[in-house]
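Protein sequences appear in the order of chains A and B. Quick note on numbering: the first sequence equals residues 1 to 386 in the working numbering. Quick note on numbering: the second sequence equals residues 1 to 228 in the working numbering.
Fair warning: there could be bad hints in the mix.
As the list claims (entries may be wrong) - Below are the EDC-like pairs computed for lysine to aspartate or glutamate, each with C-alpha atoms no more than 20 Å apart in a straight line: (1) Lys14(A) x Glu290(A); (2) Lys141(B) x Glu290(A); (3) Lys14(A) x Glu144(B).
Stated by the list, open to error - A few chain B residues facing chain A, derived, Cβ under 8 Å: (4) Ala81; (5) Arg84; (6) Val100; (7) Pro110; (8) Leu113.
Unchecked claim - Here's a subset of chain A near chain B, in silico, CB distances under 10 Å, partners left out: (9) Phe6; (10) Trp12; (11) Val68; (12) Pro72; (13) Arg76; (14) Asp228; (15) Pro289; (16) Lys295; (17) Thr296; (18) Phe299; (19) Ser300; (20) Gly302; (21) Thr303; (22) Lys378.
Calculated from the structure, these hints are not laboratory results. This one's a predicted model, so the numbers in the text were calculated from it and none came from an experiment. Beta carbons: idealized from backbone N, C-alpha and C, even for Gly.
Residue-level listing of the chains:
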Amino acid sequence: MKYLSFIWATLWRKKTRAAFTILSLICAFMLFGLLQAIGTFFTAGADFVGASRLIVQSRVSFTDSLPVRLMPQIERVPGVKAVSHDQWFGGIYGENTQAIAFASDPVRLRKVYPEWVMTDAEWEAFANTRTGAIVGRKLADQYGWKLGDKLPLKSNIFPQKDGSMAWTFDIVGIFDGKDENWQNQTTSLYINWNYFDEANQFGPGTAGVFAVELEDVNQADEVAAAIDQLFLNSPDETKTQSEKDFNKGFFAQIGDIGLIVRLILIAVFFTIIILTGNTMAQAVRERIPEMAVLKTLGFSNGTVTMMVVVEAVLLCLIGGLLGMLFATLAIKGLGQAAPGFFSAVRADGMLWVQAIGLMLALALAVGLPPALRAGRLKIVDALAAR
Amino acid sequence: MSAMVEVRNVVKTYERGKQKVPVLNGLSLSIDKGDFVALMGPSGSGKTTLLNLIGGLDQPTSGEISVADTRIDQLSSGALANWRAANVGFVFQFYNLMPVLTAQKNVELPLLLTNLSAAQRRQNAEVALKLVGLADRAGHKPKELSGGQEQRVAIARAIVSDPQILVCDEPTGDLDRKTADEILTLLQQLNKDFGKTIVMVTHDPKAAEYATHTLHLDKGSLAEQAAA
Chain A
1 MKYLSFIWAT LWRKKTRAAF TILSLICAFM LFGLLQAIGT FFTAGADFVG
51 ASRLIVQSRV SFTDSLPVRL MPQIERVPGV KAVSHDQWFG GIYGENTQAI
101 AFASDPVRLR KVYPEWVMTD AEWEAFANTR TGAIVGRKLA DQYGWKLGDK
151 LPLKSNIFPQ KDGSMAWTFD IVGIFDGKDE NWQNQTTSLY INWNYFDEAN
201 QFGPGTAGVF AVELEDVNQA DEVAAAIDQL FLNSPDETKT QSEKDFNKGF
251 FAQIGDIGLI VRLILIAVFF TIIILTGNTM AQAVRERIPE MAVLKTLGFS
301 NGTVTMMVVV EAVLLCLIGG LLGMLFATLA IKGLGQAAPG FFSAVRADGM
351 LWVQAIGLML ALALAVGLPP ALRAGRLKIV DALAAR
Chain B
1 MSAMVEVRNV VKTYERGKQK VPVLNGLSLS IDKGDFVALM GPSGSGKTTL
51 LNLIGGLDQP TSGEISVADT RIDQLSSGAL ANWRAANVGF VFQFYNLMPV
101 LTAQKNVELP LLLTNLSAAQ RRQNAEVALK LVGLADRAGH KPKELSGGQE
151 QRVAIARAIV SDPQILVCDE PTGDLDRKTA DEILTLLQQL NKDFGKTIVM
201 VTHDPKAAEY ATHTLHLDKG SLAEQAAA
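Isolated chain A, as found in the complex (with noise of 0.2 Å):
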């Protein structure tokens, strides 16, 4: 701790190298954090999620619906709880926000979906309301909508018989998360099937998916196997696999979300490696004299050495935590503002506890090798400049 006012006045040495280097640590370390959030979000799915539920989808496509009429013969396969069925509704609110919005069977989806928490009564105005929908709370707080309200959405699917593309719902209830982590996603809505399947102009009967509720979870993969065997060689093929995958497969239509973060992350580093190293072997360069001097006074080899490594650690935990401050900050902010898609991304502990296991890696990599040169300088050649 002694040496730590002396390494910190050689850190800034060079006001505007040190400044720039730390400017460019910031700026990685935002990256890191901001891309390894979305990036866990989206190849880990939603770990919370148990394995209690398969989801059945279309073998070709879950945007390729299914009839509902399968329902009864995926309830009778062994294992079997329950089963609800949702289609996806694409429901824009006001101008152009898009709403996560889904027409489901009421009582359905009450059985499968027990994390939902409502009042009885809601539940039931949601099942006897033919223009009834439930809103989740974050939604409803971020729009103010209350029970009562009469909600107007516009399909960009769906049109009603007579060709309209708007619909109005009516506010019957506001659903909670059981917990924490359920309580981050009430950012969608679901509209009664019934009134959506009676008024839609096309595809009546139909489905995107059907989620099951397993009676014993170790029987998943028997009973997502018997499902898609039923429906085998038949119109109606099917694709049946855990709510998990389901959701990380949905997410990987987008791209391989891990691998681009990866691979954008590997160019950043590198980049950063280049230029830190670069920073840090200059500024010892230019100390070599120095740092003679500092032997010539007694300091050994190996104080030496720690004092470059020190410098260097300094140098990334600056850029680094305040990059990740920064990202910390981003991500709440991005969750403010569209909290449908990025409340559930968060820069959490591991995050935090990876980004400055990778600042401590990062120090000793730039650091090492001017500090090992440091350490093994001869007085008297570095005196003589030789």
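Knowing the structure of chain A, use the given hints to seat chain B on it.
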């Protein structure tokens, strides 16, 4: 009077690529405690090499060197560093102060290697700066000081840990006559009043006049010895 420095049959040869360059050829000398010795001689005579060996900055190719009752030619690199910190103060021609530190912090630098508290380090540095007449410049960085003032700070740094011997490599080589005389007077004062043994390399006969003895080197050997 007992010897502070004993050099016996010291040979020093540098290797420059494949070439071996002999610098000191079996040199022997003795410097008493409390002596102020000027080392003179033409360029390439081995003055600075001898000074580096006495200060423990380099090791001889062969021969024995004892300084302050320690055989420093037998010490490892780490032990030699510790020994330097405890026993030797260095003054260079170009001062070699740390540009990022104030005069006060420069003087405190050798004390970082001791167990003194921060307050004690500060206090000792203040005393050393006062001794060289620069107490009022403690907060200035080297670039804010004149050459003579920088050299005074360097001397304060050299004496702050109370070493037995001061090793000075052309300490007035970069200074005008008047400032050089002030620095030499200061060194003389440290020698007379505080009993510091001083070994000083110089090209300047006027500077050598401040020493109690002058040793002349030529081609790696002692040429003659003169008492002031």
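Going through the hints against the structure:
no.: 1; hint: Lys14(A) x Glu290(A); verdict: 15 Å, holds
no.: 2; hint: Lys141(B) x Glu290(A); verdict: 15 Å, holds
no.: 3; hint: Lys14(A) x Glu144(B); verdict: 17 Å, holds
no.: 4; hint: Ala81; verdict: 5 Å, holds
no.: 5; hint: Arg84; verdict: 5 Å, holds
no.: 6; hint: Val100; verdict: 4 Å, holds
no.: 7; hint: Pro110; verdict: 5 Å, holds
no.: 8; hint: Leu113; verdict: 5 Å, holds
no.: 9; hint: Phe6; verdict: 7 Å, holds
no.: 10; hint: Trp12; verdict: 7 Å, holds
no.: 11; hint: Val68; verdict: 76 Å, violated
no.: 12; hint: Pro72; verdict: 81 Å, violated
no.: 13; hint: Arg76; verdict: 80 Å, violated
no.: 14; hint: Asp228; verdict: 71 Å, violated
no.: 15; hint: Pro289; verdict: 7 Å, holds
no.: 16; hint: Lys295; verdict: 7 Å, holds
no.: 17; hint: Thr296; verdict: 5 Å, holds
no.: 18; hint: Phe299; verdict: 7 Å, holds
no.: 19; hint: Ser300; verdict: 5 Å, holds
no.: 20; hint: Gly302; verdict: 8 Å, holds
no.: 21; hint: Thr303; verdict: 8 Å, holds
no.: 22; hint: Lys378; verdict: 8 Å, holds
Checked against the numbered hints above, the structure breaks hints 11, 12, 13 and 14 and satisfies the rest.
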